[in-house]
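Chemist: Starting from the given sequences, assemble the full structure and let the hints guide the process.
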Amino acid sequence: MKVAGGLHDDPQGEESIVDRGRLLGGGFGDATADQRASELLGEAYPGRRVVTVEARPIFARGGGIHCITQQQPRVPRSG
1 MKVAGGLHDD PQGEESIVDR GRLLGGGFGD ATADQRASEL LGEAYPGRRV VTVEARPIFA
61 RGGGIHCITQ QQPRVPRSG
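First residue of the sequence shown? That's 1 in UniProt numbering, and the numbers climb one at a time after it.
One thing to keep in mind: the hints can contain errors.
Claimed, not checked - Derived DEER-like restraints, expressed as beta-carbon distance ranges:
#1 29 / 62: 14 to 24 Å
#2 78 / 46: 41 to 51 Å
#3 49 / 75: 25 to 35 Å
#4 36 / 62: 23 to 33 Å
In case anyone wonders, no lab produced these hints; they're calculated from the structure. Where a beta carbon is used, it is the ideal one built from N, C-alpha and C, also for glycine.
Modeler: Written out as structure tokens, the structure reads:
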């Protein structure tokens, strides 16, 4: 699929993350498709607020929303 801006030819719109009453989903520069994806995510996750973030720059660098929000190890406090 070609997206507006041409940064990525095969975006994975299902790449998302659920967090504290929200669902972060990717937007790909196509207002109609992004709105429909947001509606579908809202139906799949009732009661959660769907937030669309611009995902093309993330995907252009080889990752996705879920990839860049992975857990980080806790650094022990020094004495």
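Chemist: All the hints need checking, so say for each whether the structure fits it.
Modeler: Structure-based check of each hint:
Checking the proposed 14 to 24 Å range against residue 29 and residue 62 shows it holds: the Cβ atoms sit about 18 Å from each other. For residue 78 and residue 46, the Cβ-Cβ distance of about 45 Å falls inside the hinted range of 41 to 51 Å, so the restraint holds. The hint said 25 to 35 Å for the Cβ distance between residue 49 and residue 75, and at roughly 31 Å that hint holds. At about 26 Å, the beta-carbon gap between residue 36 and residue 62 stays in the expected band of 23 to 33 Å.
In terms of the numbered hints stated before, the structure departs from none.
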